[in-house]
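K.L.:
All chains should be built: construct the whole structure from the sequences, respecting the hints.
Protein sequence lines, in the order shown, are assigned to chains A and B. Each residue of the first sequence is one higher than the one before, counting from 1 in full-length UniProt numbering. Each residue of the second sequence is one higher than the one before, counting from 1 in full-length UniProt numbering.
Calculated directly from the structure, the hints in this document are not laboratory data. Worth double-checking, as some hints may not be accurate.
Taking lysine to aspartate or glutamate and the EDC-like style, the derived pairs with C-alpha atoms no more than 20 Å apart in a straight line are [stated by the list, open to error]:
{"no.": "1", "chain 1": "B", "residue 1": "LYS146", "chain 2": "A", "residue 2": "GLU19"}
{"no.": "2", "chain 1": "B", "residue 1": "LYS199", "chain 2": "A", "residue 2": "GLU122"}
{"no.": "3", "chain 1": "B", "residue 1": "LYS146", "chain 2": "A", "residue 2": "GLU71"}
{"no.": "4", "chain 1": "A", "residue 1": "LYS17", "chain 2": "A", "residue 2": "GLU71"}
{"no.": "5", "chain 1": "A", "residue 1": "LYS94", "chain 2": "B", "residue 2": "ASP102"}
{"no.": "6", "chain 1": "A", "residue 1": "LYS92", "chain 2": "A", "residue 2": "GLU111"}
{"no.": "7", "chain 1": "A", "residue 1": "LYS118", "chain 2": "B", "residue 2": "ASP157"}
{"no.": "8", "chain 1": "B", "residue 1": "LYS105", "chain 2": "B", "residue 2": "GLU143"}
{"no.": "9", "chain 1": "B", "residue 1": "LYS146", "chain 2": "A", "residue 2": "GLU22"}
{"no.": "10", "chain 1": "B", "residue 1": "LYS50", "chain 2": "A", "residue 2": "GLU122"}
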Amino acid sequence: MDGKIYYITKEKLHELKKEYEELLEIERKKSLGETAPKIFESEDLNPEFVSFQEDIGFLRSRIDELKGIVEHHELIKSPTKDKQGIVSLGAKVKIDVDGQKDEFVIVGTLEANPALGKISNESPVGKALLGHKIGDEVSVSSPIKTTYKIKNIKYEIG
Amino acid sequence: MDKILTFFTEIGKLKELKRRGWVLREIKNPESVADHIFRATLMAWVLGRKKRGLNIEKVMKMALIHDICEVYAGDTTPYDSILPKSKKEIRKLLRTWPRFSDSKKKRLSEKKFKKEKTALEKLTRGLPKELAREMMDLWIDYENGKTKEGRFFKQMDRLENFLQATEYWKKYKNLSQKSWWDQARESFDDPVLLEFMEKIDKQFHKN
Numbered sequence: 001m002d003g004k005i006y007y008i009t010k011e012k013l014h015e016l017k018k019e020y021e022e023l024l025e026i027e028r029k030k031s032l033g034e035t036a037p038k039i040f041e042s043e044d045l046n047p048e049f050v051s052f053q054e055d056i057g058f059l060r061s062r063i064d065e066l067k068g069i070v071e072h073h074e075l076i077k078s079p080t081k082d083k084q085g086i087v088s089l090g091a092k093v094k095i096d097v098d099g100q101k102d103e104f105v106i107v108g109t110l111e112a113n114p115a116l117g118k119i120s121n122e123s124p125v126g127k128a129l130l131g132h133k134i135g136d137e138v139s140v141s142s143p144i145k146t147t148y149k150i151k152n153i154k155y156e157i158g
Numbered sequence: 001m002d003k004i005l006t007f008f009t010e011i012g013k014l015k016e017l018k019r020r021g022w023v024l025r026e027i028k029n030p031e032s033v034a035d036h037i038f039r040a041t042l043m044a045w046v047l048g049r050k051k052r053g054l055n056i057e058k059v060m061k062m063a064l065i066h067d068i069c070e071v072y073a074g075d076t077t078p079y080d081s082i083l084p085k086s087k088k089e090i091r092k093l094l095r096t097w098p099r100f101s102d103s104k105k106k107r108l109s110e111k112k113f114k115k116e117k118t119a120l121e122k123l124t125r126g127l128p129k130e131l132a133r134e135m136m137d138l139w140i141d142y143e144n145g146k147t148k149e150g151r152f153f154k155q156m157d158r159l160e161n162f163l164q165a166t167e168y169w170k171k172y173k174n175l176s177q178k179s180w181w182d183q184a185r186e187s188f189d190d191p192v193l194l195e196f197m198e199k200i201d202k203q204f205h206k207n
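P.N.:
See the structure below:
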């Protein structure tokens with residue numbers, strides 16, 4: 001795992017722990033020659049459906065990945081009141097990007113989804129925004145300059 | 001075997017399907033979807049070797065199937081829902097990365113996912129069941145960034161596009177690079193791919 005810490009929300013951790021336990025159960029049943037439970041039968045029931053039932057190599061690899069995350073995670077928590085005006089993990093940031101409005105949530109790599117505005121704290125823009133406050137202008141410039149002006153910061157962590 | 005042959009002839013159409021982003025930018029003789037898949041697969045293989053613990057076979061299979069749904073779903077860009085009528089306005093729009101409200105981001109993402117999933121189901125219907133299933137699983141993993149392979153290839157896919165954009169910029173000069181740089185700096189967080197992005201920058205901008 002290269003000593004990597006996974007920053008993760010409580011909800012995501014719960015989801016991954018559940019998957020980890022279910023996959024361990026599938027692996028156990030497979031090793032006993034029993035039919036694996038069809039927990040992932042339909043992707044409509046589980047939108048993040050991934051079937052590992054046919055390939056034992058993929059199954060083990062996913063179990064190892066989940067184990068690494070569960071053992072090396074740090075929960076994303078709301079900062080104390082005096083620090084809520086500063087961008088940190090979990091912040092929902094309203095920004096003005098060269099005159100265009102946008103909104104990002106700063107998340108850990110496991111939950112990043114730029115198409116939905118979830119920006120990784122390890123991406124150049126995520127990294128650049130961290131530690132800044134409302135009114136700050138943050139520029140990323142090599143080789144093309146873009147300026148992100150922070151308009152608002154809030155935390156909606158459960 | 002008839003149904004398997006049909007699958008091959010259908011995916012063969014991707015050799016002719018031009019990538020929408022380049023068509024909108026009026027690039028002469030732009031790459032096809034198959035061209036993009038070809039280089040993205042090789043890039044995933046070569047750069048994936050630098051990632052410890054990454055299942056290269058899985059990443060390459062994912063690369064091969066990630067855009068095949070476009071046979072029926074077509075290639076789309078984030079600009080499609082806001083395209084103005086005049087060519088002049090389109091050119092202006094394409095200079096920056098499009099920004100949407102949270103609800104519109106969600107709506108566009110769900111609509112695209114549904115359309116492409118239906119297309120992939122139709123395309124793989126005649127294949128052996130376990131193979132069709134494997135393709136769907138890999139595609140959903142790529143779409144949702146479920147596993148480390150899915151997260152790696154999602155960014156790899158964009159990196160291939162980023163490289164192609166830089167090459168067209170070098171060739172045609174009038175292509176604005178800003179939208180790719182904005183997208184890349186907001187999307188990439190994989191250290192191997194970020195390092196490679198710097199190499200592209202060095203190679204194309206500083207030489």
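K.L.:
Provide an ascending list of the numbers of those earlier hints which the structure does not satisfy.
P.N.:
Failing hints: none at all.
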